[in-house]
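Spelled out from the first residue to the last, the chains are:
There are 2 protein chains.
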Amino acid sequence: VKRDVDERPIFVPGFGFGAAACGIKASGLPDVAIVACERPATAAATFTRNRFAAAPVTVARERLRANRLQAIVVNSGNANACTGRRGLADAHHACALAARALKVPPGLVAPASTGIIGTPLPRRELELGIAAAAVSIAPDGLWRFARAIMTSDAFPKVSTTTVTVGRQRVMVAAIAKGAGMIAPDLATLLVFLLTDAVIAPAAAKAIVRAVSAEAFNGLSVDGDTSTNDSLFLLASGAAGNPGAKAGSPAARAIERAATEVGVDLARQVAADGEGATKLVTIEVGGAPSPAAARKVARAVGSSTLVKTAFFGGDPNWGRIACAIGASGVPIDPERVTIRLGRAVVFRRGLGVEAGRVSAREAMAGQEITVRIDLGGGSSRGRLITSDLSHDYVEFNSAYTT
Amino acid sequence: VKRDVDERPIFVPGFGFGAAACGIKASGLPDVAIVACERPATAAATFTRNRFAAAPVTVARERLRANRLQAIVVNSGNANACTGRRGLADAHHACALAARALKVPPGLVAPASTGIIGTPLPRRELELGIAAAAVSIAPDGLWRFARAIMTSDAFPKVSTTTVTVGRQRVMVAAIAKGAGMIAPDLATLLVFLLTDAVIAPAAAKAIVRAVSAEAFNGLSVDGDTSTNDSLFLLASGAAGNPGAKAGSPAARAIERAATEVGVDLARQVAADGEGATKLVTIEVGGAPSPAAARKVARAVGSSTLVKTAFFGGDPNWGRIACAIGASGVPIDPERVTIRLGRAVVFRRGLGVEAGRVSAREAMAGQEITVRIDLGGGSSRGRLITSDLSHDYVEFNSAYTT
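Listed in order, the protein sequences are those of chains A and B. Under this note's numbering, the residue at position 164 of the first sequence is numbered 164, and the numbers go up by one with no gaps. Under this note's numbering, the residue at position 88 of the second sequence is numbered 489, and the numbers go up by one with no gaps.
Note that these hints are calculated values from the structure, not bench results. Source: prediction; values computed, not measured. Hints should not be assumed to be uniformly reliable.
[Stated by the list, open to error] Below, in silico cross-link-like pairs of lysine to any residue (SDA-like), each with a Cα-Cα straight-line distance of 20 Å or less:
id : chain 1 : residue 1 : chain 2 : residue 2
1  : A       : Lys205    : A       : Val163
2  : A       : Lys245    : A       : Gly166
3  : A       : Lys205    : A       : Leu64
4  : A       : Lys295    : B       : Arg452
5  : A       : Lys295    : B       : Pro602
6  : A       : Lys295    : B       : Gly729
7  : B       : Lys606    : B       : Thr459
8  : A       : Lys295    : B       : Thr459
9  : B       : Lys696    : A       : Ile137
10 : B       : Lys504    : B       : Thr520
11 : B       : Lys696    : A       : Gly328
12 : B       : Lys646    : B       : Val664
13 : B       : Lys646    : B       : Pro602
14 : A       : Lys103    : A       : Pro40
15 : B       : Lys504    : B       : Arg440
16 : A       : Lys205    : A       : Ser152
17 : A       : Lys103    : A       : Gly84
18 : A       : Lys103    : A       : Ser136
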């Protein structure tokens with residue numbers, strides 16, 4: 001899926017961004033990035049559940065316990081995963097270097113990495129890169145940050161919105177790194193949610209949970225995930241609004257805004273799937289629970305037979321029905337309805353012949369929405385994914401990740 | 402994967418086989434097949450767990466309650482799935498037609514179907530096909546039967562062995578239909594295990610469970626399965642051996658023989674995967690339970706990133722480790738060992754550089770074995786699968802199944 005990115009300058013009050021190229025990537029492209037806050041920010045995060053969690057994930061988990069961070073130091077080109085004790089030392093070292101350069105306590109810096117697995121980080125390069133990135137920190141550096149965290153991404157991924165909290169307008173910006181046919185696979189997703197709002201720690205945690213569930217759970221974070229998936233929220237508090245407490249109208253408003261930019265980013269990540277030609281959204285309703293709805297959406301959206309049918313523009317509801325039935329969720333086929341775009345293609349256990357022509361039209365576009373009503377409850381779930389093309393096979397068979 | 406099939410005549414005492422072409426397949430190739438027994442045979446079976454189980458599966462499940470069958474009537478080209486009441490009536494009708502032609506009670510005939518989903522069976526064609534197949538029944542028709550049940554299969558799949566029970570030699574033959582990148586996807590698998598041994602019903606059920614778990618669980622039957630997956634065992638009793646009771650040495654010997662031919666068939670099915678260029682076996686040991694071992698094997702063997710790496714001959718242990726970690730099985734990365742062929746590529750949380758060259762050699766062949774030791778128990782599991790190639794995408798994006 002092609003995408004033009006309009007890189008108008010973006011400022012998030014309280015935050016500065018730096019980036020540098022230090023040679024971790026063989027391409028010579030930028031590979032170290034820092035986001036820093038003027039003052040310690042309220043912080044929350046969620047990480048991969050992969051048992052082979054990378055060293056930076058282990059270190060970041062520890063750092064997040066106090067719910068405060070002042071900077072995140074990111075490198076691309078090397079995941080620092082499956083690197084043992086050396087990897088943990090390198091992740092700590094990166095934080096210490098960034099902390100010294102920024103003159104902040106090391107305990108307020110968290111690391112993140114993405115790239116190849118199983119190779120130690122090159123220390124000398126990393127040291128130079130962090131020093132250079134720190135020097136370059138500026139309020140207008142958001143797009144440089146977004147570019148420096150890319151690996152196989154074809155374009156940088158940024159989304160912003162504003163929301164009124166009491167009488168103040170606050171900003172929510174989100175930056176992501178991620179490509180690849182994420183779910184059910186293993187390309188890394190890094191997400192940075194930044195806001196100038198004042199948010200209580202409990203409210204920040206609730207926002208991270210909501211964005212993860214609504215926007216990224218279908219993709220990668222918190223699901224079957226790569227070694228490095230991380231989603232951070234930093235609130236600088238520069239807006240000076242009365243602190244948004246958990247459950248308050250202000251916190252809910254910020255949560256809605258964060259979910260909105262999160263979903264936009266998730267769509268950008270799916271559209272940038274390796275070899276993706278179509279952006280596919282699977283919406284499941286009528287489920288007995290949100291977990292059941294997500295399970296069905298994942299089963300359909302991760303079936304290679306369904307995904308190759310999407311690539312071919314084939315309105316093949318049989319493969320979709322089959323994936324629903326194999327999901328493990330107890331459903332009654334007689335109550336299931338499947339729509340491709342607006343066309344009903346399956347209802348009451350039978351295909352609907354009348355829907356075939358408009359379903360084929362719905363499959364022809366760059367965006368396909370599959371709507372599945374299980375007829376067995378009121379819960380919903382969504383998965384954002386892409387099709388499976390020749391280029392996907394080419395890309396992933398020819399390159400070592 | 403190329404395969405030459407040596408079609409020497411195979412006889413299984415007590416059984417006859419018929420086949421016919423009646424036009425269910427647009428290609429005009431044979432599409433109706435019958436296996437019939439001289440006398441009512443001891444029967445056991447296992448079927449798909451897919452919630453959209455096809456009409457023939459529903460009917461066959463009922464018929465199997467008495468543990469006796471005298472014939473199975475199979476059609477290819479149409480799965481009779483998602484066909485509602487009409488589909489159930491057609492499945493019953495097929496059994497009734499076969500029963501009349503064979504002069505056996507309709508309750509002793511089970512149906513099986515494979516092919517496109519959501520289109521009703523053409524009744525007139527089916528009637529003619531069953532009549533013609535019944536007329537052609539002969540002891541030497543096993544290969545005709547094996548060919549008539551094919552859909553996207555490139556070659557017929559048959560495996561036989563003999564085993565001594567007491568003082569008698571008995572035969573175990575297995576015939577399968579199945580291609581496609583079966584797990585975790587949805588191509589149909591039909592398996593017919595035939596023996597001339599005398600087996601008690603409880604022993605027959607135990608054999609079906611064992612073969613399903615050892616040979617086909619990783620592939621399809623009993624796992625995440627298509628609408629039509631079915632595995633039947635028929636024992637004609639023509640060998641006249643003292644009846645093999647459940648748990649007896651004789652029953653265990655037959656079970657081993659049946660598992661052997663089952664694994665051979667599973668390998669044939671995987672090798673015939675759509676666009677498959679490599680046969681891949683994932684062997685997991687050191688697991689806390691057989692279910693955990695199978696779960697890890699499935700996670701690795703169904704990852705499209707792992708499968709495309711196999712296609713590219715890339716010894717990418719990072720993707721394998723990542724899939725193990727994402728499997729949901731609680732493992733300790735420090736205790737995991739990964740071998741590609743004989744080469745250790747990952748041990749104690751780190752990649753093993755010395756293994757890289759011989760691992761690359763191991764990836765170059767037509768058969769790849771991945772051995773994973775979780776270091777957390779004594780249970781084992783296996784998945785037989787294939788790589789993911791350009792031809793897979795081509796085949797499945799261009800054709801409606």
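Quick rundown of the hints versus the structure:
no., hint, verdict
1, Lys205(A) - Val163(A), "holds, 19 Å"
2, Lys245(A) - Gly166(A), "holds, 13 Å"
3, Lys205(A) - Leu64(A), "holds, 11 Å"
4, Lys295(A) - Arg452(B), "holds, 14 Å"
5, Lys295(A) - Pro602(B), "violated, 37 Å"
6, Lys295(A) - Gly729(B), "holds, 14 Å"
7, Lys606(B) - Thr459(B), "holds, 18 Å"
8, Lys295(A) - Thr459(B), "violated, 25 Å"
9, Lys696(B) - Ile137(A), "violated, 46 Å"
10, Lys504(B) - Thr520(B), "violated, 30 Å"
11, Lys696(B) - Gly328(A), "holds, 14 Å"
12, Lys646(B) - Val664(B), "violated, 23 Å"
13, Lys646(B) - Pro602(B), "holds, 8 Å"
14, Lys103(A) - Pro40(A), "holds, 12 Å"
15, Lys504(B) - Arg440(B), "holds, 11 Å"
16, Lys205(A) - Ser152(A), "violated, 30 Å"
17, Lys103(A) - Gly84(A), "violated, 29 Å"
18, Lys103(A) - Ser136(A), "holds, 15 Å"
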